[in-house]
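Participant: What follows is the residue order along each chain.
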Amino acid sequence: MIEEKTVILRTEHLKAFYLLEVHGTQKTVKAVNDVDIQIYENEIYGIAGESGCGKTTLLKTLFGEIVPPLRLIDGKIFYRIDDDEVDVSRMKSEAKRKLRMEYISYIPQGSMSVFNPVLKIKGTFADFIGSHVHGQSRAEIFELARERILELGLPKNVLDVYPHQLSGGMRQRVTIALAASLNPRIMIGDEPTTALDVVVQRGVIQMLKDIQKNLKNTIVLVTHDMGVHANIADRIGIMYAGKLIEEATTEKIFAQPLHPYTQFLINSLPKFGDKSMRDSVPGSPPSLADLPTGCPFHPRCPHVKDICRQEMPNFHHLDENHKVACWLVGEA
Amino acid sequence: MDKLLEVNELTKRYSQGNVLARITLTAVDHVSFYIKPAEIFTLAGESGCGKTTTAKLVLGFEEATSGTMLHNGKMQTRREKAWITRGVQAIFQDPFSTFNPLRTVDSYFHETVRNFRLARSKQEAVDRIDQKLRLVGLTYQEFAGKYPNEFSGGQLQRISIARALVTDPKLLIADEPVSMVDASLRMSIVNLFKQLRDELGVSILYITHDLATAYYVSDRIAIMFRGNIVEMGTVEEVLMNPRHPYSQLLRDSIPQVDPEKRWTTTVTLSELEHEEYLRQGCKFAGRCPDVMDICKGVVPADIYIDDVLVKCHKYSGK
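Going down the list, the sequences are from chains A and B.
Numbering follows numbering that gives the first Met the number 0, in which position 283 of the first sequence is assigned residue number 282; successive positions increment by one, without gaps.
Numbering follows numbering that gives the first Met the number 0, in which position 72 of the second sequence is assigned residue number 71; successive positions increment by one, without gaps.
Incorrect hints may have been included.
[What the hints assert, rightly or not] Beta-carbon label-pair distances, calculated as ranges:
hint : chain 1 : residue 1 : chain 2 : residue 2 : range
1    : B       : N99       : A       : A288      : 19 to 27 Å
2    : B       : S14       : A       : T24       : 53 to 61 Å
3    : B       : E141      : A       : K26       : 16 to 24 Å
Hints were generated in silico from the structure; no laboratory data involved.
All C-beta atoms, glycine included, are put in the ideal place defined by N, C-alpha and C.
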């Protein structure tokens, strides 16, 4: 992307915590902790991190779906709609509902629970599309759904079967087709390829890439699989314990990872033709309800210094596209 | 040659539908393989290729339609079942559904010790359990009395491996043990398998669709497709130089951790699993890039090329 980049989705000091009451004591789960993220038009942005690092919660807040116990503590989320920046965190729920499917759509992980099990696939399509496209008969909506399905290269008979009759991979692709059916400007995918096997996963990635190419829209993709990110993302943000810790273009992240956590994530993956010993990240991720002081990675970091235990580092910008929050880089 | 487990012409058929419209699916179709002591053998393939059914047959959870299994060169009989269960233990995919959320995890260990009468006193049992837990990097103190929800997925998976080790098994059957575990913790499980093989001489039947870890950890591999083993040999031969078109597709579909090696070609996916299972001739013919007329009618024979078994017409007569 050489042309001028337009920010389509942006957050400012976003903090979203789960406020829970467990056996009479208050617990605060800091799932999204001061995240500033800028996502451009016409790109695939990947978010990587371990389970329990707040990836899914970040997606939920980006989608504007903040329901208790999740609460927006601080910060703002902006969408760019028709050259205007709109603060989503202040929008009414009816206004947000109208944006969904048409402007921003969501691809969930467990595709079985997306579809109504007692309706044929076309029934679910009609429900979703019908709530946004008004003044059309059911037959016209079915026709629209059928066109989209064919455009996306799926067999047209999938509309006439029940969800359980489809294989996992086909169901996931139908879910994506549903999310893309009204040509949204932003699509958000939460681990859409996890739990699929490799050949099907490749088909799903191929489909997402094709959709992005045709619609020239933005896809935000969360997965812990760095191999998937290497294949699809234009830029990658690495999340750890509710914070964004490194962000760069895909080439940079893989060629020159700077944060020790990013290095672990990339180096722990086995490669073909190389049987040398690979270590996983030592220790286990911290509990978001009880974060360590300073940099949250310090208890697992092999290069830990005194300052890491006391203070969270700010972002150090190596260049326009590469920033990292680590005391080992930059000002240290 | 010493063989810990030998499986010959194992077949499992399932019937579906009612009396009027019955179809028979051959989930496992004349599968033969063997596992040597202290060896990691991988069964790989996509979902619905029959790899889990094979594991269930080996574990005795399902009765085979035909075929034989030899443990240490001996036929499995009902009388010997207990002895076999002690020597063959299983690890399952989802560590969260392995353990009952309302039971403490240590109760599973004590139950296993009791079932096989492995200890004479409580202290002996605790010592035995502690020893196995240390192998996976945990201790009895930090684990006793806790419920499954107090552990992370990676820890629970290591606990279930320790549980399987309580009986001192010769063979572990691990059915997709890492697919529910985070990529960052995956290697700790896989490294553990290597360590068990090298230090304790345990053999592992590693069932997975993740060829990257399969390459990293295993000695020999069999690629399964719709109930058949289509290619089998050492990992070096099969994965670095795949011969069967399906193995080639599988190998190419692993996302490479290198943005410069993105896929440039597109793949065709199967639309319905049933159709491929019921196909005459080679089951892969519908998606194969090198399909010939003979593939659609005749089941290919097993051909050996440099000690690698390949089930493909491309190589017949050569």
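Participant: Now, for every hint given, state plainly whether the structure supports it.
Facilitator: Verification of the supplied hints:
1. B/N99 / A/A288: 19 to 27 Å: Roughly 25 Å apart at Cβ, these two residues keep to the hinted range, so it holds.
2. B/S14 / A/T24: 53 to 61 Å: Since the Cβ atoms of B/S14 and A/T24 sit about 56 Å apart, the hinted range of 53 to 61 Å holds.
3. B/E141 / A/K26: 16 to 24 Å: Given range 16 to 24 Å: holds, Cβ gap about 22 Å.
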